[in-house]
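Participant: Using the sequences plus the hints, can you model the full thing?
Number of protein chains: 2
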Amino acid sequence: MKFKLYYWPSIQGRGEFVRLALEDAGASYVDVARLSQKEGGGVSALMAMLAKHPSPVRPFAPPILEMGRLVIAQTANILQVIAPRLGLVPADEASRIGAHQLQLTIADFVAEVHDTHHPIGASLYYEDQKPEARARSKLFRAQRIPKYLGYFESVLAANKKSKGRHAVGRASSYVDLSLFQVMEGLAYAFPKALKRVAKDVPLLVALRDRVAARPGIAAYLTSPRRIPFNEDGIFRRYPELDV
Amino acid sequence: MKFKLYYWPSIQGRGEFVRLALEDAGASYVDVARLSQKEGGGVSALMAMLAKHPSPVRPFAPPILEMGRLVIAQTANILQVIAPRLGLVPADEASRIGAHQLQLTIADFVAEVHDTHHPIGASLYYEDQKPEARARSKLFRAQRIPKYLGYFESVLAANKKSKGRHAVGRASSYVDLSLFQVMEGLAYAFPKALKRVAKDVPLLVALRDRVAARPGIAAYLTSPRRIPFNEDGIFRRYPELDV
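Residue numbers (our numbering), protein chains in the order written: chain A, 524 to 766; chain B, 524 to 766.
Source of the hints: derived by calculation from the structure; they are not laboratory data.
Being a predicted model, the structure only gives us computed values, none of them experimental.
A portion of the hints provided could be inaccurate.
Because identical chains share one entry, a pair is satisfied inside a single copy or across any pair of copies.
What the hints assert, rightly or not - Derived pair list, reagent style DSSO-like, types lysine-lysine, alpha-carbon separation capped at 30 Å:
| no. | residue 1 | residue 2 |
| --- | --- | --- |
| 1 | 525 | 653 |
| 2 | 718 | 575 |
| 3 | 653 | 670 |
| 4 | 527 | 670 |
| 5 | 575 | 722 |
| 6 | 686 | 561 |
| 7 | 561 | 722 |
| 8 | 661 | 715 |
| 9 | 684 | 527 |
| 10 | 575 | 686 |
| 11 | 527 | 683 |
| 12 | 670 | 718 |
| 13 | 683 | 561 |
| 14 | 718 | 684 |
Facilitator: Here is the structure:
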């Protein structure tokens, strides 16, 4: 099965959660908008996909994954569909429901991360909402980071099957990969805040390190396919938001 | 199958999307936190559930649905699991993926609605973030309501199978019920903004009216089980945010 991913070519963003799953599994995929226009890529290919009404339902926003005759949007939805095919989720229904539940909670957290620099509106520049971004980030650092990371830590601790090494079941799943990305993103955007909470979430820190060492992920992270974090993405390093 | 729903007893909130599905299907369910403490209900019962580590994974937040031995959180996740059992989604995989994709986009919209009155932080009172709420709501009314409703309208229009009468497939699904709730919520919180856009989304308006007339929903809406919209929920009527 060859996958086609449609996502913004210059940021990690929400597409990165899908890229990590594909890379970890060694799946064959094309990151369409990163190809040249000559090769049928570029942002115009992404825009064309967004304007279409493919099956089953037109996407509202990227990431979008094309898989045979299916075109799937919404990050957690994509992961839920591809994970069984990639061997990245346990087979039983309860574990799959639990994995998806966790991924949706990660999605909620990611939306909150985005709004730390865009609390008034995504259509305005960050520079036009800096005081509000500072106010929102202050609460985000003091309350939301500890609350979410504490929650994920408790989920790891409660997963006796894996002795706290995996979010769901006995083996690595897409949720582990997404938790890695959350930790990496926070280390980039909120290094001081993360440092303050790190001692309280040792299982998450250890999980991040283990995921980084997985063969597919380690190869990916040092390849040109891994776009560096930058100030167009969701996790942005604005020192004034991490005091 | 008897369902137990755990959600805040005094608001519609995100739990309402689950209530609507259960009510439309005539399912047997208990809205646990709305029972008295004597009956094992109240907010304390909800809090006890949030503190537990049930199977498969501890919930981060309500709504939570208990179904036999499964305890499921995240609104869209709950709906995805119960819909096949309630006859509220087509049987084929593509339609289910599409329905879930739409529900996740509705969830994104609902999160944006919440942040119109809480742009800086959910832990602060609305009164402590009123100027920011006005700024965010202005963009929300001008850009986000037309964008989301225009998108949902285009999905209805593209669903030739139902001649624009349903979001997915040939019959009513949980997505139709959720779109009804979105339209009802906007009519309560942003009546002026909705009026401006209504003429551009005739299929959505017609869908809302048809859902309201479905027997299970019509009975529910006039029952004491339907909590009125209020200023503790997600859709809040603050006239200064709808000018």
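Participant: Hints first: check each against the structure and report whether it holds.
Facilitator: Hint check results:
no. : hint        : result
1   : 525 <-> 653 : neither (43 Å within a copy, 50 Å between copies)
2   : 718 <-> 575 : between (44 Å within a copy, 28 Å between copies)
3   : 653 <-> 670 : both (24 Å within a copy, 25 Å between copies)
4   : 527 <-> 670 : between (35 Å within a copy, 26 Å between copies)
5   : 575 <-> 722 : between (48 Å within a copy, 24 Å between copies)
6   : 686 <-> 561 : neither (50 Å within a copy, 38 Å between copies)
7   : 561 <-> 722 : neither (49 Å within a copy, 41 Å between copies)
8   : 661 <-> 715 : within (12 Å within a copy, 34 Å between copies)
9   : 684 <-> 527 : between (34 Å within a copy, 27 Å between copies)
10  : 575 <-> 686 : between (46 Å within a copy, 18 Å between copies)
11  : 527 <-> 683 : between (36 Å within a copy, 26 Å between copies)
12  : 670 <-> 718 : within (15 Å within a copy, 39 Å between copies)
13  : 683 <-> 561 : neither (51 Å within a copy, 34 Å between copies)
14  : 718 <-> 684 : within (29 Å within a copy, 54 Å between copies)
When held up to the earlier numbered hints, the structure conflicts with 1, 6, 7, 13 and fits the remainder.
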